[in-house]
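**Student:** Same order as they appear, the protein sequences are chains P, L and H. Positions 1 to 584 (this note's numbering) are the ones given, in order, by the first sequence. Positions 1 to 357 (this note's numbering) are the ones given, in order, by the second sequence. Positions 1 to 278 (this note's numbering) are the ones given, in order, by the third sequence.
None of these hints come from the bench; they were simulated from the model. Just to be clear, a hint being listed does not mean it is correct.
[As the list claims (entries may be wrong)] In silico lysine to any residue, SDA-like type, Cα no more than 25 Å apart, as pairs:
#1 H:Lys77 with L:Glu55
#2 L:Lys120 with L:Ala135
#3 L:Lys120 with L:Glu55
#4 H:Lys77 with L:Lys192
#5 H:Lys77 with H:Asp122
#6 L:Lys192 with P:Gly248
#7 L:Lys120 with P:Glu147
#8 L:Lys120 with L:Tyr76
#9 H:Lys77 with P:Gly248
#10 L:Lys120 with H:Ala273
#11 L:Lys120 with H:Glu57
#12 P:Lys74 with L:Pro219
#13 L:Lys120 with P:Phe200
#14 P:Lys36 with L:Gly65
#15 H:Lys77 with L:Ala134
#16 P:Lys144 with L:His298
#17 P:Lys37 with L:Ser152
#18 P:Lys36 with L:Ala134
#19 P:Lys144 with P:Ala416
#20 P:Lys510 with P:Glu147
#21 L:Lys120 with P:His46
#22 P:Lys531 with P:Leu441
#23 P:Lys36 with L:Glu55
#24 L:Lys192 with P:Ala416
#25 H:Lys112 with H:Asp122
#26 L:Lys120 with P:Gly248
#27 H:Lys112 with L:Gln296
#28 L:Lys120 with P:Ala416
#29 L:Lys192 with P:Met266
#30 L:Lys120 with P:Trp47
#31 H:Lys77 with H:Ile49
#32 H:Lys77 with L:Gly65
#33 H:Lys77 with P:Arg369
In this text, all values refer to a predicted model and were calculated from it rather than measured experimentally.
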Amino acid sequence: MSSSTAARSKAGAASRSTAGVVTWLDERLGIGALTKKQLRKVFPDHWSFMLGEIALWSFVILLLTGTFLSFWFKPSMAEVEYMGSYANLRGLHMSEAYASTLDLSFDVRGGLLMRQMHHWSANLFLASMTIHMLRVFFTGAFRKPRELNWMIGLALLMLGIIEGFAGYSLPDDLLSGTGLRIAQGLMLSIPVVGSYISFFVFGGEFPGDDFIPRLYTVHVLLVPGILLALITAHMLLLVYHKHTQFPGPGRTNNNVVGFPLMPVYMAKAGGFFFIVFGVTALMGGLLQINPIWMYGPYNPAEVTAGSQPDWYMGWLEGGLRIMPNWETNLWGYTLSWNVLIPGVLLLGVLFALLAFYPFIERWITGDDREHHLLERPRNAPTRTAFGVAGMTAYALLWIAGGNDILAYEFGLSLNAITYFMRVAIFVVPVLAFIITRRWCLSLQRHDREVVLHGYETGVIVRSPDGSYAEIHRPINPVRAYELTMHEQHTPVEAPAASDANGVPAPAQGKERLRSRLSHFWYADDVSKPTKEELEAAAHHATNGSHALEDGHGPASGNGAHLGIETSGIVGGQDFGLEQKPKAP
Amino acid sequence: MSDDGQHDTPGTGSNGAGDNSLLPIGPQEPLDNPGVPEHQPRPTDVDPALERRAERQVAAMFVVGAVMALAFCVAYFLFDPHPETGETALGVGASNLALGVTLGLSLLLIGLGAIQWARKLMADHEMIEYRHSAASTVEDRQEAIAAFQAGSEESGLGRRKLIRNSLLASMAMLGLPAVVLLRDLGPLPGVKLEQTVWRRGMRVVSDVSGRAIRPSEVPIGQLINAEPAVFFEHAEEFEGNELLNEKAKAAVIVVRMPPEEYTPYPARRDWDVEGILCYSKICPHVGCPISLYEQQTHHVLCPCHQSTFDLANNGVVLFGPASRNLPQLPLGVDGEGYLIAMSGFQEPVGASFWERG
Amino acid sequence: MVRKLSTRRRHPLAGFVVLLFALVVAGGLYSAFRPAVADESGKSDAQLIAEGRQLYEVGCASCHGLNAEGIITERGKNIGPPLIGVGAAAVDFQVSTGRMPMARPDTQAPDKPRTYDEGEVDKLAAYIASLGPGPAIPDPEYYDVSEATDEQIARGGEFFRTNCTACHNFAGVGGALPEGRYAPSLHGVEPIHIYEAMLTGPQQMPVFSDEVLTPLQKRDVIAYIKTLEDQTAYGGLELGSRGPVGEGLWGWTFGIGALVLAAVWIANNGVRAERKKP
């Protein structure tokens, strides 16, 4: 009795002190109104909603480890003679950048760990941004009102790639110098101003003295600053729009169902930060990455087999490798298509396509409504097929970027891989598109079947007249609701070619194109069951089960088909199966 | 950041219809919304023993995490990171391994503990929050437009075209200083992309060692990664990156093949010395150094993008993305019998650029 | 005489004499007919060459020609290159690493378990060396790297990165060449064979002659390669020493894999109790 009183008074004291702190802050910052709304803000639970979080936490880890590295790294191309503790390079002339990276790796305790964590974290940062983007794309989360946040996300991805490449280039080892040489080649290929850009960027000839200090400023100040600002905007918009959710019982376009920020999501998101940090640290401790001491200092007359960029540049490298050797010479000027197209234009085209995709889709579908419920990829077959085709093209370029490694590891011919890829890059994505689209439509059909006729149990029964049929069991109402609450899309119809008086409508060609595209987009969609069809199916199932008792085999009249569990009318017991209690 | 802030718990009769500021999606759904399923308690909610166990689990993770953080500090002072004196464990550097594993486990256990706490012990009632349309209310928007128009009207921006246009002009002009200011980032290219240090009479010497080469020392099948002698004879002129800048253009490879296998262009008949040929080492695609020379096929491959050149046939492109042939350097022998260049390169080396022609 | 022998047959020393005689005969016979391998040093070069020629005719001539002149078909296909002037070093490299003899002419001769023992290789080498002047098997002082200093190793690294890494990769683990050919891994290769390969340029590998890359410089290169072989991976598992491709693969599988698993665990609502809260 007395102990519980003590506990109560303790709790009372705690809540009083909390109130005191909040009051103190509120009187100065006015945080009361904001905190009231946001502290118990609801976030929906789904694993795929945490992919972007990996990127967010990786960015924090990058800032922390990067700051540590900057205490020792010297961004200078001044030549020094290495006298550090790695014997195999002692006495060689190298840039201060490379020497200080060696010192950081071998003479600073924990320096190698921080370097490796920084590099792994960069790889994870870009990988998680990529899969987060794919999740957003395939579930249609980029639709109104989130188009601007989608574009911010793309800007983050693009800046992340630039930031990663800059970091890869800073140590001035043989691989990073080779990468910079290629980057210089790309700059030179730009028409008219290419050689000027190269000379301005490098402060003269390649490699010059200026580039690494300049790149360092870009890497530690400019790009991270922009990244930080864009991430803030990305998060603010996320809070404002509230997170999307997958459709389900009680989950509508008007609400968000989940757990509150405090305490559940603070613990889950905070815990995930430590998990991402921990996994990164384990990778830094267990898996060697970018062993620059093996590569040696940069020397423009040296190169190594297996010169590759980090994975996120690999697809551009692949483009460079499989591009035919086209070059145009006109009036004494050179246009290097062989470098310009894969090295400069490809990146621009991909990002432009992605950035405008929400608007392209919106125009084709004519859908101007707000969407907060996600679409299952199968319910947007054309979008999903475009996405898979894009991923396929990306993967092929990726593979082409490692063609020498593949050739060596699997005993293939380098040349054969390249010739294959030159064709495959056009053919395989088209195949992927067709297959994915058909696959999605089949899944739609399957969903419809399941809702109308129940799922296949794999149990075969023989009717008295000797025919066989598979028992279909009803699905539970929650599942049935999930499978039927998606949108039924209808294509946009072209307006009449001319009005009643025979006057041609303006901008008719554009509208007709739109209608044709819209039909392509939606016309093959399988119509989901209507209320009437569901009722008919339920009725049929009830009758069917009687039919079975009457001795008419289920095979004769689809009698074993029924859709959704209901409280009384139909049930598996009609077929002698036990019905397990289901969650409501 | 306005927010309705309405919360609801399931099972109170609401099926999420709520404040309907957004239109429902699509046509009428064929099935009625069954509403958020009723809350099911977890084992830890109903069994105090399990609850205590979960509590102990979480605390244990945090404690081991703390121990790991201490172990990190011990490993920091225990292991030497130096390559020669440092310890190894399992064939890898012990310092990095121990630091990474202790730090990783420490962080990981904090994370796992926090999430276990949230999953097992924190309240897990699903909540419903209502959305609002991203747009403001129609009144708010109209007021905003009106406010903007009033402000615009009061400034006279629309009426006073002279002011507006001159302001725009001066703002546009500010772009020029921003661009001009970058002018001194680097010198203009001039002819630097077209010239190398190679001159008539300059010896071709081995890279790294700087040894001059006699034709008799070059057997058939030989590859020499070579440089102009000036880098070694006048090393003082090529300090630091000055050397790298010139090396990036002037590096060459010298190969020897049976003279009968070599088919020069008519103008290049005397560019070899008894089957000894010299080509630029800088790939004309994007500038990687190439020296993957196959002595029997006389092909040379670029390891970056796999352009392949035929050195027996004037360096023509056989395969890959390069469109230019590998530039050739005419060779001769000086009075003392050493290999020399008979001229500079007769075309620019390295990657193509606009003015290259 | 016969009687004399027969009378002394039972002499106490008779058995000893017979044994001595038998030993002498057996020893003499052995010295006359023993296998040639046992004593090469006492043999004349001419003998070695002759025996090498016999081995050559059996194992090599079908591709390289009866007189090592090489065989090129009418359509220009090179069945086996001429071996005149390739020198003893080339024979030692090709045969000791098992590259020769090949089962059939192919784009590349991979190393495999050797088919000729050391003595046989010496004979083959002697025979080929007798056909024309060529590089000899190097002296151990040029490939014994046990005494190499740090300075020599660092210098060897410079030569290695300039001349070797383009094909054999920065870690010496090999790399791809056109049309399915490849530069093999240098790990586990005997120093003498690395030296001979540089000296003779086997298959597609170019020659690095002793005048251009001196024997001492070659030794430094070998010393550097040997440090690569048994170098500690200071940062953890090496992931195949193939640079960023392997790293990307591990980042995606191990890193993203582990984190996605964690995300699935975090978002999963877990088991529910059968009974209600009391």
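**Student:** Taking the hints in turn, state whether each one holds.
**Tutor:** Results for each hint:
no. : hint                   : result
1   : H:Lys77 with L:Glu55   : violated, 78 Å
2   : L:Lys120 with L:Ala135 : violated, 39 Å
3   : L:Lys120 with L:Glu55  : holds, 9 Å
4   : H:Lys77 with L:Lys192  : violated, 46 Å
5   : H:Lys77 with H:Asp122  : violated, 30 Å
6   : L:Lys192 with P:Gly248 : violated, 67 Å
7   : L:Lys120 with P:Glu147 : violated, 37 Å
8   : L:Lys120 with L:Tyr76  : violated, 35 Å
9   : H:Lys77 with P:Gly248  : violated, 70 Å
10  : L:Lys120 with H:Ala273 : holds, 12 Å
11  : L:Lys120 with H:Glu57  : violated, 81 Å
12  : P:Lys74 with L:Pro219  : violated, 45 Å
13  : L:Lys120 with P:Phe200 : violated, 59 Å
14  : P:Lys36 with L:Gly65   : violated, 34 Å
15  : H:Lys77 with L:Ala134  : violated, 75 Å
16  : P:Lys144 with L:His298 : violated, 60 Å
17  : P:Lys37 with L:Ser152  : violated, 35 Å
18  : P:Lys36 with L:Ala134  : holds, 20 Å
19  : P:Lys144 with P:Ala416 : violated, 45 Å
20  : P:Lys510 with P:Glu147 : holds, 23 Å
21  : L:Lys120 with P:His46  : holds, 17 Å
22  : P:Lys531 with P:Leu441 : holds, 21 Å
23  : P:Lys36 with L:Glu55   : violated, 29 Å
24  : L:Lys192 with P:Ala416 : violated, 38 Å
25  : H:Lys112 with H:Asp122 : holds, 19 Å
26  : L:Lys120 with P:Gly248 : holds, 24 Å
27  : H:Lys112 with L:Gln296 : holds, 22 Å
28  : L:Lys120 with P:Ala416 : violated, 56 Å
29  : L:Lys192 with P:Met266 : violated, 59 Å
30  : L:Lys120 with P:Trp47  : holds, 17 Å
31  : H:Lys77 with H:Ile49   : violated, 29 Å
32  : H:Lys77 with L:Gly65   : violated, 68 Å
33  : H:Lys77 with P:Arg369  : violated, 71 Å
The structure does not agree with the numbered hints 1, 2, 4, 5, 6, 7, 8, 9, 11, 12, 13, 14, 15, 16, 17, 19, 23, 24, 28, 29, 31, 32, 33 stated previously, though it agrees with the rest.
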